[in-house]
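Undergrad: One-letter residues, chain by chain:
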Amino acid sequence: MNFRQIVFKSLRSHWLSTSLAILSIALGVALLDSVVSLREQTHRNLTQEGLGADAILGPKGSPLQITLNALYHLEEMPDKIPWTYYRKVLEDEVVADGIPFITGHSYAGFRVNAIDERFFTAFEYLPGRHFSFRPEDGGQGRIFQGNKEAVAGYEAARILHISLGKTFNPTCGVNAGDPVHVNDTIKFVGIMAPTGTPHDRAIYIPLKSFYTLEGHGSDVQSMAVDEDHREISGAYLKIRRIRGDVLHPGIQDLKYNINQSSRAQLVIPNEVLPRLFNIIGWVDSVIMGIALLVTLLALLFLFIALITALRERRRDLALLRCLGATRRTVMGLILCESLFMSGTGAILGIAIGHGVVWIGSELIRVETGLRFSALYLSSADFYILPALLLLGLLAAVVPAVQAYRLGVLKNLTLIS
Amino acid sequence: MIVKLENLQFEYRSGAGTFPILNIPSWKVEEEEQTAITGMSGSGKSTLLNLIAGLLKPTGGHLEVCGVNLSELSESRRDKFRGQNLSYIFQTFNLLQGYTALENVMLGAAFTGRQLDRHTARALLDRVGLSRRSGHYPSQLSIGEQQRVAIAQALAKKPKLILADEPTGSLDPYHSGEVVELLCETCRENGCSLVLVSHEMKVAERFSRREDFAVLNRGLSGMGGKQ
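Note that the protein sequences, when read in sequence, are chains R and B. Under numbering that gives the first Met the number 0, the first sequence has 204 at position 205, and the numbering climbs by one with no breaks. Under numbering that gives the first Met the number 0, the second sequence has 189 at position 190, and the numbering climbs by one with no breaks.
Pulled out of the complex, with its shape left as it was, chain R reads as follows (with noise of 0.2 Å):
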């Protein structure tokens, strides 16, 4: 019998407070390995990829507001631009590409949002990737052509069932209640590969059926034809880049220029959505420290185990001096039952914490159409288990050191 073989004798044999320690400090790791990880994750869904537009251009209003319509498919347009200011703001040099969109209807609680073709082809919803209808990567049908065809998102089409040739009828407004154009009937004829982005969440129909819908009064309708006159929401903006991947700094110019007017203004999501974290950072730190509290809890839980285990095995550690253990050799013991209880803790927290975030990811995915990832590895995987290991150690400082004073006459006393 050796040194390991020791260790776990002695934590089976009292299992039911080594089981006990171990599945609050899972508990509580799970907890915090989640939170970081969907944490993190939210992060780079929202800011680093930027969900493809280097810019906004919006209506004069909350500029999270328009982010907000615009990418998230969530809130409202507070107004809408004239299609000349666009076509004016499309000639300066900084501005690579616009696609124009307009929003402002729904259908069965989806955004429908009437948008440019050329969003399926030119537009990159992440740097580099573009919309498929690709059987092959989970897409179906082609991109829209005529005024009544719509294309769905993916997780739109999946959660109303949605199939090639199967019509709806859109709703003016995004609110219960809101009138449903009961005349304009529009044919599915595509849906979109997952994207893994909100816009799997919406439905697209052209930009001019917006115009065309009969419910419109003729005023719209003519903005058909008559581009003076002609509004929309907003468009998404490519800007130039330099030296490679670095946005033309006349962004900023063309940022001024246009939000001095009184028509539009040029929203840039990537410094806009740290603002959004800050305005959230508050219930973000509540469940961290939550988490933190948690973890600490069980690591206090761990410290009564392996005081109370100590109290009841002063006979067993006295017996083992007396066979040979040095004082040294029980202290080892305690402070590997803790390194042992706490890294089994760790791991299986990791874990547990990993399907939280898969299960998480899965109602996200359907609420916002964002997608994270249970694989994904957080700052925490790496050091979550390094932190309870040395955390564990601190936890058995105190029972270790009174093993190694026990005093082994006093004990074998009792016994003999």
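Which chain R residues face chain B? A few, computed with CB under 8 Å, are given here: (1) Asn1; (2) Ile5; (3) Ser12; (4) Arg314; (5) Leu318; (6) Cys321; (7) Gly323; (8) Val407.
Chain B residues, not near chain R, derived (Cβ > 10 Å throughout): (9) Arg131; (10) His135; (11) Glu184; (12) Lys201; (13) Arg208.
Source of the hints: derived by calculation from the structure; they are not laboratory data. Glycine included, each C-beta is placed from N, C-alpha and C at the ideal position.
Given the coordinates of chain R, assemble chain B onto it according to the supplied hints.
TA: Positioned in the frame of chain R, the structure of chain B alone reads:
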């Protein structure tokens, strides 16, 4: 020579003062010799065994066990020395409760620096007549059976000396005789010395060499040696 004492002294120190417990001018145990020490309860017999086992450090004199002067060793070295050379059997509760009889026997050799395989441990249990109880925990064994396992555990490390402190104190006369007989036989078979202390004269009568602790511990017997 397995044990050699010269002017061995041990004093118990506390806030109330110093109490001399042992003062043994000279005493020896030869290799493979079996000795019984008798005396009243609380006379200091156990203290003598604890000193020989290295669990206590003498306050004076010379104590040599297996050729090693224990007085000069640190506690850690005394622990290692005990692990490699000595076995100690108590009146009761010699076994770890979470370990089976077989595991307790294997544990006996755990600190010798060599591993005892299951086959050898089972053979030792067989020798003490408990091979069928190898999977039983101490709580499932009678006191007599536990003492037999303790003997097997003591033999597991192939010690040069076995110290037995009232090993039959909790047994009835029949089982008491049986356990002492087994202890003496197995010590003879394994070529190890045995020092047994007991207050029971019937137990001591089985030994060819008997020592009266009152005579051994000159002038101090009855001072109260329990530690």
